[in-house]
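Trainee: Take a look at the letters that make up each chain.
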Amino acid sequence: MAQRYQNIVIGGGHNGLTCAAGLARAGQSVLVLEAAEDIGGAARTREFAPGARVSACAHLLHAMPADLAVELDLAGNGLDYAAQDMRTVSLSESGETIVLHGSTAQGKAVSEADAAAYARFNEDMQRFAKALRPVFEDIAPELSIETWRQRLTLLGLGLRVRRLGRFHMRELLRIIGMNLYDLLDEYFESTQLKGAIAMDALLGGEWGARSMGSVLTYLYRVAGYQRNGGIGVALPKGGMGAVSGALVGAARAAGAEIRTGARVTQILVENDRAAGVELDSGERLDADCVISNADPKQTFLKLVSVDHLDTGFVRQIKNLRSSGKAAKLHLLLEGAPRFKGVEESGLGSRLIIAPGMDEIELAFNPSKYREYPAAPVLEITVPSASDSSLAPQGQHVVSAVVQYVPYDDSPDEDANRAAFLETVLDQLERYAPGIRGQVLAAELLTPRDIEREFGISGGHWHHVELVFESFLFNRPIPALAQHQAPIAGLYLCGAGCHPGGNVMGIAGRNAAQQVLKGGH
Amino acid sequence: MIADTQNNQRPLTERPILETPFFESYKHLIQNDRYQEWSGYTTLESFACEGQEYFAVRNTCGVYDLCPMIKYDISGPDAERYMNRLVTRDVRKVVPKRVAYSLWCDDNGHVIEDGTVFRFSANQFRLCCAERQIDWLMDSAIGYDVAISDVTEDIAGLAVQGPISCTILKKMGFAGIEALKPFQLQHFSLDGCEVMVSRTGFTGDLGYELWIGAERAKKLWESLFAAGQPYGIRMIGSTALDMLRIEAGLMQVGDEFMSCLQTVRLGRDRTPFELGLDWLVDLEKGHFNGRRALLAARTKGLKRKLVGLDIDWNKQADGALIYSSEDAKRQIGEVTSALWSPTLKQNIALAFIDAPWFEGEQEMWAEIYLHRECMWERKMFRCRVTRKPFYSPERRTLTPPNDM
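Residue numbers (the working numbering), protein chains in the order written: chain A, 1 to 520; chain B, 1001 to 1404.
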């Protein structure tokens, strides 16, 4: 007779693994089923050319709670950093760079007023992010005041904001729904500085700097820096796969079983409760609880039979915005790239190509109509500069996020990808003359490719766009905000849940708590 | 997929209020020009005298134009699963050639509407209802291999109701119609074209509904009235129909409840249990829209319920508020539909009554306002919960019906 598990986790992404570790540590039996041969989901290191390895999707760690890393002993399970507290360098065609680090902004283009404003801006955002941190970390409160617990949760949130004092509370309430474009205009003069700051709020998302709610996503990012235990923006040694590797170690040590190459095709529902899963091999696995690390659309429109779901629920899931706009560029270079204004010793920084907020908006505009930008904005890392194990001796790998690439399911997808790779290389050439000639291998993953490789609907990092209306008790929809699905014993633990995406494991940890609370 | 009919393709600005396919045939019978709009069609409140129209159904045969009923055809390999998830009854138990009265709810277990489900074959259904539902039906189709088309304008329908209805239909040549049981349907031929007949209706009497392609409507009407003329067949309007359905204890969307897709105020939505329609909800059939919410609602118990009232005296209790005592200190309900029943000689009403009064064990008073010679008078009358349907003659279900 087949073994019966207390919990089956569908998907071995960082949230699935965190959830599995949490459940296993509580003494429950857990089986993680990962469709791919490699574990880790979007936090995975893979070879894209002989000897050249990169983080295949997410490439920097900056938002994982320090206490989670301690709780799961990620260091003991092999997580180390090749670089921590990386500087952000905004590149320019003229070679005049701006360097952002902590609360300082330096560079020729940074006026004295801007430098002071940056310190002030940093202080303000830190203060607001701190007030909102529990919101970005705890299980989403229920939008209901039926029980005292519910009332106190909402009251507590209100009090935290009130404790900012009248002036700052008003300021937070004024800016929280605002767009970052207008807010940064209030603080700064330098277009280049504004472009570099804005990128932090927009990476991985579908929208631009002028879109509503971009201040909220900025604060979301800042809250991540506050909780990560001082690693700032960090490059795990061996790429992001090392994070997943450490999570696997923690989960296994606690007793969780992990199977790769096991694609779930169906979540089985019996007597209105989750009963287990079926694999593409036809194998059936029974469990008391099924926890899906897959995004809400995959989970409810593909894995669960619609017979078990209500029409209104299905309509809401179908309408979720999950069209990714972030592409990934991987290059193997024959030598170190020469970015204008960046010494070879500076290649361990996070390099930004976003000359200004208007350039970001101009890159964003065509993507709204499923077209490719002519001058894309990028976040570039040269991981091999800090971690020589990633590239053959003397060579370098580049891993870059290319913003505002449409989800392209047209018949011309392949030709469009090839043409856009040229556009991206042209853009790089403007900032790093000669880089084209250094390219030994190149790979561009569009959102469609990311969907195919990582199984994320729409190829969206956050599973569901991180915007005001799909936040907190609305994430991904009110009926799923506390991880529990309408079907008993079925839970969600991925980035589509509150609080959202980035490699941080919070949704996985919170889901585990809910599963344990829910009992079996 | 929605099949566009000719009328749908005309721009909205060029679409006057429509006439039903039967309108030309019966317009010479209209004596008092009491028109009423119903889902885009001109319909009649009454043709001549609503009292006579009412008595035609109870004593001989009355005919009501059903064309404005909204009709959706649902077909495809997943049609049964789709319908079973949509409505509260177990559609798997509705065999082909049967009709089932049913409800459908939203996620919260609140009633969207009631209507009839016709099952033609394993994979073909028709849903008949009073209000348009296409958005809900289309959203419900996500994940199912079904085709949904609005056939409202393609299919013409007549309700032929009353003790002599069977006799008249036999005269028309529908041989064997007397064997048709309640909620059964059968196809007949009328001069070579197909007529579908279902033993259904909204009057609580013996009766049938006839369905035919809109282009043959005239022919059907003429044959029916030729056969029925010696028996005093007559067209009836919506006022008489309303009297009949109240006596039959049948609820009407817009009177007894609002569709939960249209309510704005909190607490105006209704569950099937509140409407007293527990028998239409099969909680054991597996999942359907609203099931989880309905399970929770059942555990919670009822706060109010639709019941039948018998009110003292003979003043129709339209819109009356119901109180727990004659001094009207505590309101415990309100009347949704009221009628001085011509057949029962009884003052009846459908009313929403709070717990525990709907159990019928405590005193209740109806507050009725009377308009007499341009003066309003307020009167309190005792009322009590009574059995529904108020009127249900044996002939409603007798098969074969008595030959008249």
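Certain hints may be false.
Result set (DSSO-like, lysine-lysine): computed pairs, CA atoms no more than 30 Å apart in a straight line [to be verified]: (1) B:K1315 <-> A:K318; (2) B:K1303 <-> B:K1329; (3) B:K1093 <-> A:K302; (4) B:K1305 <-> B:K1285; (5) B:K1388 <-> B:K1219; (6) B:K1093 <-> B:K1285; (7) B:K1305 <-> B:K1329; (8) B:K1345 <-> B:K1379; (9) B:K1388 <-> B:K1315; (10) A:K302 <-> B:K1345; (11) B:K1219 <-> B:K1027; (12) A:K517 <-> B:K1300.
Hints in this document: simulated from the structure, not taken from any laboratory.
Predicted, not measured: the structure shown is a model, and the values here were computed from it.
Trainee: Of the hints stated earlier, which fail here?
Mentor: 1, 5, 10
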